[in-house]
Amino acid sequence: MSTSELDRPIWAPEDIKDEELARQEKHLREKHLLLDPRFPPEANRYMLDPMYRTTREFWILFVILGGMVMIFMTTWGIQMYWGLGLTGLNRPVMWALYIVNLVYFIGVGHAGTFISAALRALKIEWRRPISRAAELVTVFALMVAALFPLVHLGRSWKFYWLVPYPNARQLWPSFHSPLMWDMMAIFTYLSGSILFAYLGMLPDLAMIRDHSEGWRHRLYAILSLGWRGTEKEWSNQETALNIFSYVIIPVMFSVHTVVSWDFAMSLQPGWHSSIFGPYFVAGALFSGVGAVIMTLIVLRRFMHLDYFLRAEHFNGMGMFLLLLSLTWDYFYFNDYIVSWYGNEPVEKVFSHILTSGWAAPLWFLMLFCNAILPALTLWSRKVRTTPSALFLVAFFVQIGMYLERYLIVPFTLGFNEFPYSWGVYIPQVPESLITVCSFGLVAFMYVVITRLIPVVPLWEVYEGQVLHGLKRMGRALIKTKAEPD
Amino acid sequence: MEYPNRKWTMVVDLDKCNGCSACVVACHAENNVPIVTEKQVGRGRSIHWIRIERYWEGKYPNIRVRFLPILCQQCKSAPCEPVCPVYASVHSDRENMNLQIYNRCVGTRFCQHNDPYKVRFFNFFDPVFEEPLNQQLNPDVTVRTAGIIEKCTFCLQRIRRAEEQALVEGSSFLQAKVLPACVQTCPTGALVFGDLNVSDSEVARLCGSPRRFRLLEHLGTEPNVYYLKGGETNVNE
Numbered sequence: 001m002s003t004s005e006l007d008r009p010i011w012a013p014e015d016i017k018d019e020e021l022a023r024q025e026k027h028l029r030e031k032h033l034l035l036d037p038r039f040p041p042e043a044n045r046y047m048l049d050p051m052y053r054t055t056r057e058f059w060i061l062f063v064i065l066g067g068m069v070m071i072f073m074t075t076w077g078i079q080m081y082w083g084l085g086l087t088g089l090n091r092p093v094m095w096a097l098y099i100v101n102l103v104y105f106i107g108v109g110h111a112g113t114f115i116s117a118a119l120r121a122l123k124i125e126w127r128r129p130i131s132r133a134a135e136l137v138t139v140f141a142l143m144v145a146a147l148f149p150l151v152h153l154g155r156s157w158k159f160y161w162l163v164p165y166p167n168a169r170q171l172w173p174s175f176h177s178p179l180m181w182d183m184m185a186i187f188t189y190l191s192g193s194i195l196f197a198y199l200g201m202l203p204d205l206a207m208i209r210d211h212s213e214g215w216r217h218r219l220y221a222i223l224s225l226g227w228r229g230t231e232k233e234w235s236n237q238e239t240a241l242n243i244f245s246y247v248i249i250p251v252m253f254s255v256h257t258v259v260s261w262d263f264a265m266s267l268q269p270g271w272h273s274s275i276f277g278p279y280f281v282a283g284a285l286f287s288g289v290g291a292v293i294m295t296l297i298v299l300r301r302f303m304h305l306d307y308f309l310r311a312e313h314f315n316g317m318g319m320f321l322l323l324l325s326l327t328w329d330y331f332y333f334n335d336y337i338v339s340w341y342g343n344e345p346v347e348k349v350f351s352h353i354l355t356s357g358w359a360a361p362l363w364f365l366m367l368f369c370n371a372i373l374p375a376l377t378l379w380s381r382k383v384r385t386t387p388s389a390l391f392l393v394a395f396f397v398q399i400g401m402y403l404e405r406y407l408i409v410p411f412t413l414g415f416n417e418f419p420y421s422w423g424v425y426i427p428q429v430p431e432s433l434i435t436v437c438s439f440g441l442v443a444f445m446y447v448v449i450t451r452l453i454p455v456v457p458l459w460e461v462y463e464g465q466v467l468h469g470l471k472r473m474g475r476a477l478i479k480t481k482a483e484p485d
Numbered sequence: 486m487e488y489p490n491r492k493w494t495m496v497v498d499l500d501k502c503n504g505c506s507a508c509v510v511a512c513h514a515e516n517n518v519p520i521v522t523e524k525q526v527g528r529g530r531s532i533h534w535i536r537i538e539r540y541w542e543g544k545y546p547n548i549r550v551r552f553l554p555i556l557c558q559q560c561k562s563a564p565c566e567p568v569c570p571v572y573a574s575v576h577s578d579r580e581n582m583n584l585q586i587y588n589r590c591v592g593t594r595f596c597q598h599n600d601p602y603k604v605r606f607f608n609f610f611d612p613v614f615e616e617p618l619n620q621q622l623n624p625d626v627t628v629r630t631a632g633i634i635e636k637c638t639f640c641l642q643r644i645r646r647a648e649e650q651a652l653v654e655g656s657s658f659l660q661a662k663v664l665p666a667c668v669q670t671c672p673t674g675a676l677v678f679g680d681l682n683v684s685d686s687e688v689a690r691l692c693g694s695p696r697r698f699r700l701l702e703h704l705g706t707e708p709n710v711y712y713l714k715g716g717e718t719n720v721n722e
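Line by line, the protein sequences give chains A and B.
For the first sequence, position 440 matches number 440 in this note's numbering, and the numbering has no gaps at all.
For the second sequence, position 42 matches number 527 in this note's numbering, and the numbering has no gaps at all.
To be clear, the hints were calculated from the coordinates, so they are not data collected in a lab.
Where hints are given, some of them may not hold.
[What the hints assert, rightly or not] Capping the alpha-carbon separation at 25 Å, the derived lysine to aspartate or glutamate pairs in DMTMM-like fashion look like this: (1) A:348 <-> B:702; (2) B:524 <-> B:616; (3) B:492 <-> B:523; (4) A:471 <-> A:483; (5) A:348 <-> B:616; (6) B:544 <-> A:417.
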């Protein structure tokens with residue numbers, strides 16, 4: 001290799017004389033982000049320009065979502081003032097939409113860390129531009145999920161009694177209760193996810209600090225914790241991120257397992273099942289990956305991130321979604337057939353109402369959204385790489401997974417050993433408003449954060465671009481990857 | 486003074502219950518149980534610490550009905566206790582009963598759905614005692630507020646009073662006569678209450694009956710309410 005070849009910066013295009021090879025190179029560049037490096041100040045601008053500008057669309061969205069947040073808080077306040085009687089809860093069905101939302105949002109929060117940490121640990125390279133957007137989904141979904149047990153409490157203002165702190169009553173919370181495990185699991189995961197996301201954000205924050213003025217400069221000077229980009233800092237960050245990736249994966253698995261124990265550890269027929277742990281984890285990843293796909297498509301569309309988010313990423317995520325759909329099918333079938341074969345009187349009632357009773361439309365819609373639709377569509381590469389089609393499939397997955405949780409929580413709770421105490425839950429206005437607006441709350445936080453931090457981890461992309469290159473084998477160019485030493 | 490552990494027990498003779506619901510009314514009066522509106526009852530939010538479940542069998546006109554009075558079973562191994570994150574649902578070894586500490590409850594309602602007998606009740610709103618009902622509230626019993634769970638206590642206040650009375654009189658309080666409101670009111674004597682640890686008590690005698698059973702025994706909750714199996718009851722008779 002000549003000296004001039006070593007001097008060539010990675011973003012400078014290679015001078016290929018051969019026409020066939022030049023064509024191949026162009027094709028590979030278009031296909032793979034990691035083979036398509038740009039001059040860094042230019043690539044930074046792709047990300048920073050939409051961050052610095054607040055368009056009219058942004059403000060419209062800001063006002064709508066902000067209004068939803070206000071409705072959420074007001075409704076919660078009214079409910080606290082009058083009591084939970086405003087909701088549709090009744091005697092057998094004491095846990096309903098709020099718990100469904102808790103499970104749903106924790107589920108959504110699962111994919112972010114999984115994509116970021118597990119794919120990092122597995123050295124899967126296409127994760128690079130999507131990892132931060134996914135981590136942010138985790139952080140905000142978990143924050144809203146952690147809010148729901150409080151919304152659900154009969155006396156929300158006493159929520160701190162669930163927290164272990166020295167108090168005049170000389171009482172610790174009871175660690176026999178799955179709710180305590182649940183709370184501890186959520187907070188471990190939330191704090192872990194925030195730290196993990198923040199750690200990966202440092203080099204980008206420092207980059208913005210160096211490319212901004214005024215309040216932005218002062219803000220990012222604080223946020224970047226004095227990052228200068230020395231070799232020691234990079235290697236420390238690499239080590240820390242690797243440790244985090246491995247540590248947070250078991251936490252992630254434990255969180256939804258513990259959430260499932262809120263149900264599985266109880267005596268309620270239909271819940272008392274030992275498969276709930278892995279079944280909930282699979283379902284959580286399924287809905288979570290769907291939610292990340294939807295987020296990415298929206299970000300790409302409104303922040304013009306076409307350079308960073310390409311067909312290869314949606315292709316990978318689509319395959320992932322299909323895999324998780326099949327995993328969900330496996331667990332659901334397992335759960336269903338065991339209780340069906342067991343033929344317990346109450347569980348017979350469940351399968352009857354689900355397959356041919358009033359809940360049949362919900363049940364079949366769930367099966368269609370979760371099993372049939374992904375299996376029919378996601379096999380096709382064309383669907384996976386067409387953002388609008390993939391968005392639609394991911395959206396139906398959300399509906400299906402929400403229904404699944406709905407059928408697990410308020411539907412199942414309506415039936416117990418004594419038919420005298422059976423009941424049906426019908427959602428009322430307050431909890432419906434809070435539920436709809438909780439999606440607004442997640443979106444609101446996400447929309448605000450897109451103006452504050454780069455949703456694509458630029459340094460990770462650049463790192464990938466440095467490591468990836470082309471090698472010539474006869475008449476063909478192939479993609480290669482170097483391992484940093 | 487030493488206080489021996491009690492084993493408060495109720496025996497429900499299903500042969501004697503005619504479903505008159507006097508026990509329900511007595512319980513409301515004794516324990517300040519909120520009376521919810523008709524609309525709320527329709528939405529499944531009635532609160533009765535003891536209730537008569539009616540199960541119909543057969544087709545009209547040959548209908549048989551079974552009455553099943555259900556109250557908190559005061560389980561020895563109560564499923565509602567471990568799930569409470571704030572120790573509002575606790576076990577008392579002294580009384581061998583399951584107690585609900587109202588002012589500790591934050592309203593997670595986990596106990597309610599983990600309770601297979603569905604005898605724990607949530608206050609959806611603050612209770613309203615209209616004139617003149619507010620004049621007859623029992624001063625010995627807390628009036629509960631919105632957002633908490635409540636349930637049968639075997640009239641703990643009456644147990645306490647009887648024991649204190651025995652202490653004052655200097656008699657053995659093991660022999661003190663305790664009557665929960667429902668037992669006191671039951672016109673047919675279907676409900677019997679006493680200490681199973683006292684070998685010559687009425688409940689000890691009835692628990693020796695071959696008709697004896699407990700509700701949902703397969704769940705291993707070990708209730709302290711025993712039922713005596715009833716024969717056929719026909720409403721046409």
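Violated hints, by number in ascending order, as checked against the structure: Violated hints (numbers, rising): 3 and 5; every other hint is consistent with the structure.
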